[in-house]
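From just these sequences and the hints, can you work out the full model?
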Amino acid sequence: MTGGPGLEAAVRNLLHEALDRCRDDPRAAGPLRHQLARLDQPLRVAIAGPWRSGKSTLLNALMGETVAPVGEVAGSEAFVWYEDGPVPRATAWSTGQPPQELAVARSAAGMRVDLGGHAADGLTDIVVQWPTRSLRQLTLIDTPALGGADDPGPTIGRLLHEADAVLHLTRDGRDSDLRVLEAGRESLVGQAAPVPVVLVRSRADETGGGQIGALLTARQLARRQQRDPRVAALCLHVVACSGAVGLAGRTLGEAEFAALAELARVPRPQLEGHLLSADRFLRGELPVYVDTADRAALLDRLGLFGVRLATTLVRTGCDTRATLAAELVRRSGLAELRESVHRLFVDRQGVLKARSALAAVETVARTRPAPDTRALLDSVERVLAGAHEFAELRLFAALRGDRSGFDAAAVEEARRLIGGEGAGLAARLGVDHDVPVHRLWEAAGEAQRRWRERAEDPRLRLGQRRGAQVVARSCEGMLAELVDRSRRPAPA
Amino acid sequence: MAGIWLDVLDELAGTCTAHGRADLLRTVRQKRAQLLDPALRVLVVGEPNQGKSQLVNAIVTAQVCPVGDGRTTVLPTVLRHAETASAVLVRTPSEPRAPGAGSPPGVERTPLPLDRIAAGVSGTLVPRSGGGAAHVEIGVPRALLGAGLVLVDTPGSDGAAGSGGAAPVAALHRADTVLLVSDSTRELSVAELNMLLHLTRSHPNVVVVQTKTDLVPDWRAVAERNRRHLQEAGVPAPLIPVSAALRMRAAAGDDHQLNAESGFPLLIARLRRDLAGKSDTLARASVTALARAVVEQLAAPLRAELENQQAAGREGPMARLHAAQREVDELRRCSTRWQNTLVDEMADLLSDVEYDMRERTRQILRAVDEAFDTADPLTGWDVFQGWLERSLTEAARENHEWLVRRCDWVARRVAGNFARYGHHVLPPWSMSVPDDLADRLPQLECPSVDRFTVSQKLLTGMKGSYGGMLMFGLALTLAGMPMINPVSVGFGALLGGKSIRDEGKQLLRRRQSTVKVAVQRHVDDFFVAMTKDCRDTVRQVQRLLRNHFTALTEELQEGIVESLRSAKQAAETDAAVRDRRQREIRAKMTGLARLYEQAQSLTVGRPGPVVLEQSA
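Residue numbers (my numbering), protein chains in the order written: chain A, 2 to 493; chain B, 3 to 618.
Simulated from the structure, these hints should not be mistaken for laboratory data.
Warning: the hint list may mix true and false statements.
Claimed, not checked - Just some of the chain B residues that point at chain A, by a computed CB distance under 7 Å:
# : residue
1 : 218
2 : 219
3 : 245
4 : 251
5 : 253
All figures in this text were calculated on a predicted structure; none of them were measured in a lab.
Where a beta carbon is used, it is the ideal one built from N, C-alpha and C, also for glycine.
Here it is in C-alpha cells:
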C-alpha cells in the first residue's frame with residue numbers, strides 16, 4: 002500500500018486530463034491545480050471531534066510542543082493548519098480578502114496569535130508555520146468542534162474534503178460521536194476508498210474517575226470497541242490516548258521532574274490522601290516543600306491522574322527525567338497513536354493522497370457539463386479499479402470489518418502482507434529489519450505460493466478467493482520489488 | 003395541608019373523566035397514588051460516563067450499582083430500603099398494563115444473587131430480543147433509604163432529549179426528584195441543556211449534580227459557568243457539585259471533614275428536605291405541574307375544535323347559500339341572453355332565407371328570358387315546362403334545406419347559453435325538407451298564344467299580294483299593258499309572301515312576350531307561396547324553441563331556488579348548532595382555566611405561562 006509510481010503517475014495523468022477539460026472554468030481548475038500541488042506536499046491529517054474532546058491538546062502532544070490553540074475565536078469555523086516552516090509565522094485567509102500576516106507571540110503557555118481585529122465570520126483558514134520535526138511528513142489540521150449527530154454542521158463535509166486522513170476524537174466513544182463519521186460515503190471514491198479514520202479515545206486519563214489504572218482500562222475499552230463491527234466499519238483503528246499526559250511526557254521539564262521526585266518521596270499512603278482530590282493536592286500540608294504555584298502548574302499540565310501516575314512511576318524506578326518522560330509517553334498511549342499514524346497514514350501517504358485527488362476530480366467532474374462528467378468519472382473509476390493499492394485498501398477494510406470469512410491466523414497474515422502493520426518489506430513479511438535478502442525472498446515466495454493456492458482453492462467462497470488473490474498479488478509485488486533491488490546495489 | 007392539593011387533584015381527575023380522556027385520568031391517578039406514597043422517588047439521569055451509578059453508590063455509601071468505565075448500566079436500577087441486602091430482576095412483558103391493576107400477572111421476578119448484580123444491571127441476563135421492559139430492584143439496609151428515599155439509576159442517554167424512558171420504572175412522571183448528572187471535566191453541553199429544558203418543562207423538581215469535583219482543580223469555575231448557563235437558558239434548577247470518590251473514601255475512613263468536602267451533605271440535605279416536604283411543598287409543585295400539563299392537553303383539542311369551527315363557518319352551509327344565490331342571478335342573466343339570441347337569430351334567418359329565395363328565382367327568370375328571346379314557345383313548350391318545374395323544385399328544396407340547417411344552428415346557438423347546466427338541452431325536434439315540395443308548386447298553365455293558321459296565312463298572303471299586284475298592274479297599265487299581267491302577278495306573289503313572313507314574325511314575338519309574362523307571373527306566385535311557407539316554418543321553429551327553452555329555464559330555476567332555500571335553512575340550523583358548541587367549548591375552557599388558577603394558587607410565587615386562549 003505504498004502508492005507505487007504507477008498509481009501516482011495515473012493520478013497525475015488524470016489530474017492533467019481534468020485540467021485540460023476545465024481550462025475555461027477557473028472555479029474547477031483551481032481545486033485541480035491545488036490537488037496537483039498537494040501530491041508533492043506532506044500528508045494532511047485532520048484532528049476532528051466534538052466540543053471539548055481534547056483536539057488542541059492532542060495536536061500539541063503530536064507536535065511535542067505547546068503551539069495550539071491559536072487563540073479562541075468565538076463561533077469561528079476556521080481551520081487551523083500546522084505545517085513545517087523555517088520560522089514561526091501565521092497567516093489568516095478570509096473570503097474576499099487578501100491573506101494577512103498575523104503577529105505571533107511565543108510564550109510558555111504556547112503561541113498566541115493576535116487576530117488583529119479580523120472578523121471571525123469571514124475567516125476560513127489560519128495557516129501556522131512552525132519549525133518542528135514532527136511536521137516534516139504531516140500537516141496537522143485543527144478543526145472546529147463537530148456538532149451532534151443530528152446537526153453535524155458544515156465542518157464535517159469540509160473536513161472530509163480537505164484532509165487525507167482523520168483522527169476522530171471522542172471522550173468516551175459514544176454512538177452519537179460515531180454517527181458523524183457516516184457522512185461522506187456516498188460518492189464514487191467515498192464508496193471505493195473512504196477517508197481513513199483512526200478513532201482516538203482522548204482524555205483517556207479521566208476514564209473511571211482518574212484512578213491509577215485509568216489508561217489501562219481505556220486501552221482495554223479501545224480494544225473492545227475495535228472489535229465492534231459497527232466501529233470497525235467506520236474506523237481503521239481505535240486508540241486510547243491521553244493527550245495531556247502525553248504532552249507532559251514529551252515536554253517534561255527538569256523543574257517539573259524535580260517537583261514530582263520530591264512528591265514521590267512522601268510515603269505512599271500519606272501522598273494518596275493528598276491526591277484524593279485536586280483541592281486537597283493544592284491546599285494540603287505536604288511534608289516536603291513543593292510550592293503551591295508549582296503544584297497548580299503540575300495539575301494543569303498533568304491532571305490529577307497524571308500526578309498520581311508520575312509519582313507512582315518515580316517511586317517504582319523511573320528516577321530520571323528521561324525515563325519518566327519516556328514512560329509517560331508510553332503509558333499515555335501517545336506512542337501507540339504516533340505509531341498508528343505512521344503505520345496507517347504516513348506509510349501509505351501515496352495512496353491516501355491519490356485517494357484525495359481522485360475524490361477532488363470526482364467533485365469537479367460532477368459540476369461539469371455532461372460529456373466531461375462522463376469521461377472524467379470513467380477515468381476516476383478506471384484508476385480506482387485498476388490500482389492494486391485500492392484493492393489492498395478495500396481488502397484491509399473487509400478484514401477489519403470481519404467480513405472476509407478467513408480464520409483468525411489467516412486474517413492476521415493477510416493484514417500484514419497487504420501492509421496493515423507497515424508498508425516496508427520486512428514489516429509486511431513479518432521478519433526483522435536486518436535479515437538477509439535471501440530470507441526475504443524465501444518468505445515472500447512462500448507467502449505468494451500459499452496465497453495463490455488459496456486463491457485457487459475451489460472449497461473457499463468467492464469473496465475469500467478474491468481476497469486471497471489480492472494478497473497473492475501483493476506478494477508478487479514484493480517479489481518484483483526484490484528483483485528491482487537485486488538489480489540495483491542496495492544502499493548501504 | 004394535604005387536603006388542598008388532593009382536592010385539586012381529584013377535581014382534575016373529575017375533569018379528565020368529563021372530557022373522556024382515560025389516558026390522562028390514568029396519569030392523574032398514578033400521580034395521586036405516587037404523591038400519597040410517602041417514599042421520595044429520585045431519578046438519576048444524564049449522559050453516559052458522567053458517574054450516575056457512582057453518585058447513587060455514594061449517596062448510600064455502598065458499592066451497590068456496578069461502576070465501570072464503559073457502558074455499564076443498561077437496565078434501570080431501583081434502590082430501596084430492605085432489612086437485608088437483596089436483588090431482583092424484574093421483567094415486564096410488553097403488552098399494555100390494565101389500569102389500576104396493582105401487580106399485573108405478567109411481571110416476572112427473578113431473584114439475583116448479590117454477586118451477579120453487575121451482570122443483571124449490564125443487561126446480559128435479559129435476552130434483548132425478548133421485548134418488554136426490565137429493571138433491577140436492589141434492597142439495601144440504609145437509614146436514608148429507610149426514611150423513604152428510592153433511588154432510580156438509569157442508563158446514559160446519548161444525545162436524545164428525553165430520559166431513558168424505555169422502562170416504565172424509569173419514567174419521568176413517576177419521579178419526585180430528578181438529578182441530572184454532569185461531570186466537572188467540562189461545562190454543560192448543548193445537549194445537556196436541551197435535556198434540562200425538556201425536563202424542567204415537564205417536571206417541577208430538577209437538580210443538576212456536578213460530579214467528579216475531585217478530578218479537576220477548576221471545578222468551582224466550571225460550576226460558576228454552569229450556573230450562568232442555566233440562568234441564561236432559563237432553567238430553574240439548582241446546581242450541587244459533589245465528588246463521589248471523596249464521599250466513598252470518607253465513608254471508608256469515617257472522615258467527616260472529607261465528607262463535607264465531597265459536597266454530599268448538601269445534596270443529601272436537599273433530598274431529605276424534598277422527602278420531608280413531599281406531602282406539602284413538593285406535592286403542591288407536582289400538582290401544579292401536572293395540572294398545567296393536563297389542562298394544556300385538555301385545552302389543546304378544544305382550542306383546535308374552536309378554530310376549526312371558525313374556519314368551517316367560512317365554508318360549510320353559508321358558502322352553499324351564497325353559491326345558490328349566485329346561481330339564481332346567473333340563471334336570470336342567462337334567460338335574458340337566450341331570448342335575445344333567439345329573436346335576433348330568427349330575424350336574421352328570415353331575411354337571409356328570403357334573399358336566398360329571391361336570388362334563386364331571379365336566376366331562373368333570367369334563364370327563361372334568355373331562352374325565349376330566341377325560342378318559339380310553340381315548339382318547345384313541353385320541354386320548357388319540365389325544365390321550369392325542375393328548376394323551381396330544386397330552388398325550393400335547396401332553400402328549404404338551408405333553412406333547416408340555419409334553424410338547427412340557431413337552436414344550438416341558443417342552447418349554448420345553457421352550456422353550464424348540461425349538454426342535453428336541445429329540443430327534441432327534427433326538421434326536414436318536405437318531400438312534396440314539387441306538388442306544392444302552383445301549376446303553370448300554357449298561356450294562350452296565337453297560332454298562325456293556314457287560313458290566316460292564306461288571307462294575309464292574299465292581302466299582301468293583292469296590293470302588290472294592284473300597284474304594279476296600275477303602273478303597267480300606264481305602259482299600256484293589261485292590269486293583270488305576269489309581272490304584276492309576280493310582284494303580287496312576292497309581296498304576299500313577304501307579308502306572310504312579317505306577320506309570322508310578329509306573331510312569334512307576341513307569343514314570346516306572352517309566355518315571358520306568364521312565366522314571370524308564375525314564378526312570382528311561386529316566390530310568394532314559398533316565402534309564406536318559409537315564414538310560417540320559421541315562426542313555428544321560433545315558437546318551438548321559445549317554448550322549449552322557457553320550460554327549461556323554469557325547470558332550472560325551480561331546482562336552484564329549491565337548493566337556495568335548503569341552503570338557507572341549513573345555514574340557519576348550522577349556525578345555531580355551532581353557536582351552541584362554541585358556547586360549550588368556551589364553558590369547558592373557562593372551567594379548565596379556573597382549575598388551572600386553582601392549581602397555580604397551590605404554589606404562590608411560581609407562576610407558569612398562561613396556557614389558555616381566553617380570547618377564543
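So, residue 253(B) near chain A? Judge it on the closest CB pair being under 7 Å. violated (13 Å)
For the hint on residue 219(B), does the least C-beta distance to chain A fall short of 7 Å? holds (4 Å)
Hint check, residue 251(B) versus chain A [nearest Cβ-Cβ separation less than 7 Å]: Residue 251(B) check passes; min Cβ-Cβ to chain A is 6 Å, inside 7 Å.
Hint check: 7 Å Cβ-Cβ cutoff, residue 218(B) to chain A: Nearest chain A Cβ about 6 Å off; hint holds.
Evaluation of the interface hint that places residue 245(B) against chain A, nearest CB under 7 Å: holds (6 Å)
Checked against the numbered hints given earlier, this structure breaks only hint 5.
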